[in-house]
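Colleague: Please work from the sequences and hints to get the whole structure.
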Amino acid sequence: MRHALFRHEELEKKYKCDQCGFATHIPGHLRRHLLVHTGSKPFSCPHCDYSCNNIENLRKHVISTAKHKGKFLYECKFCPSGAANEAGSTPPYGTNFQKEFKDHLQHSHKLTPEEVKMFTATLL
Numbered sequence: 001m002r003h004a005l006f007r008h009e010e011l012e013k014k015y016k017c018d019q020c021g022f023a024t025h026i027p028g029h030l031r032r033h034l035l036v037h038t039g040s041k042p043f044s045c046p047h048c049d050y051s052c053n054n055i056e057n058l059r060k061h062v063i064s065t066a067k068h069k070g071k072f073l074y075e076c077k078f079c080p081s082g083a084a085n086e087a088g089s090t091p092p093y094g095t096n097f098q099k100e101f102k103d104h105l106q107h108s109h110k111l112t113p114e115e116v117k118m119f120t121a122t123l124l
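Just so we're aligned, residue 1 is where the sequence shown starts under UniProt numbering, counting upward by one.
Honestly, the hints are just simulated from the structure, not real lab data. From a predicted model like this one, the values you see are computed outputs, not experimental measurements. By construction, the Cβ of each residue, glycine as well, lies at the ideal position given by its N, Cα and C atoms.
Computed Cβ-Cβ distance ranges for the label pairs, DEER-style:
hint, residue 1, residue 2, range
1, 44, 109, 22 to 28 Å
2, 70, 11, 43 to 49 Å
3, 23, 96, 28 to 34 Å
4, 66, 38, 26 to 32 Å
5, 17, 65, 27 to 33 Å
6, 78, 20, 41 to 47 Å
7, 66, 18, 38 to 44 Å
8, 20, 47, 31 to 37 Å
9, 103, 16, 33 to 39 Å
10, 29, 115, 27 to 33 Å
11, 20, 106, 37 to 43 Å
12, 34, 122, 22 to 28 Å
13, 54, 78, 26 to 32 Å
14, 103, 36, 30 to 36 Å
Cross-link-like lysine-lysine pairs, in silico, DSS-like; alpha carbons within 25 Å at most:
hint, residue 1, residue 2
15, 102, 77
16, 60, 102
17, 117, 99
18, 60, 117
19, 99, 110
20, 99, 69
21, 41, 16
22, 71, 41
23, 77, 60
24, 117, 102
25, 77, 110
26, 69, 102
27, 110, 71
28, 71, 117
29, 60, 99
30, 60, 71
31, 69, 41
32, 117, 77
33, 60, 41
34, 67, 77
Modeller: Structure (structure tokens):
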């Protein structure tokens, strides 16, 4: 019921940009919006010099650009590169989603949640 009220009633958007008319109910949306005004681009492609102001644009860049065919935002450094299997060699694990990458690190390489957090903090 709360969701329906939040989404469908005209509630005051209490998080407002002091530089333009943008307003939202969600503080994280305002933080993301403020990057438009600062020009900050904290998300960098691990494969080229492209950078942007949000993770979704970076994900789209890696997925859609022909420069990065077969590449991912998150590529496992612990998986052996070119490990042999019945079909030939297997590339290291890769995904474009941080949650999937964290799950892989915990389950395949037995990293603790603290180790995963430290390792992924250095990425992107």
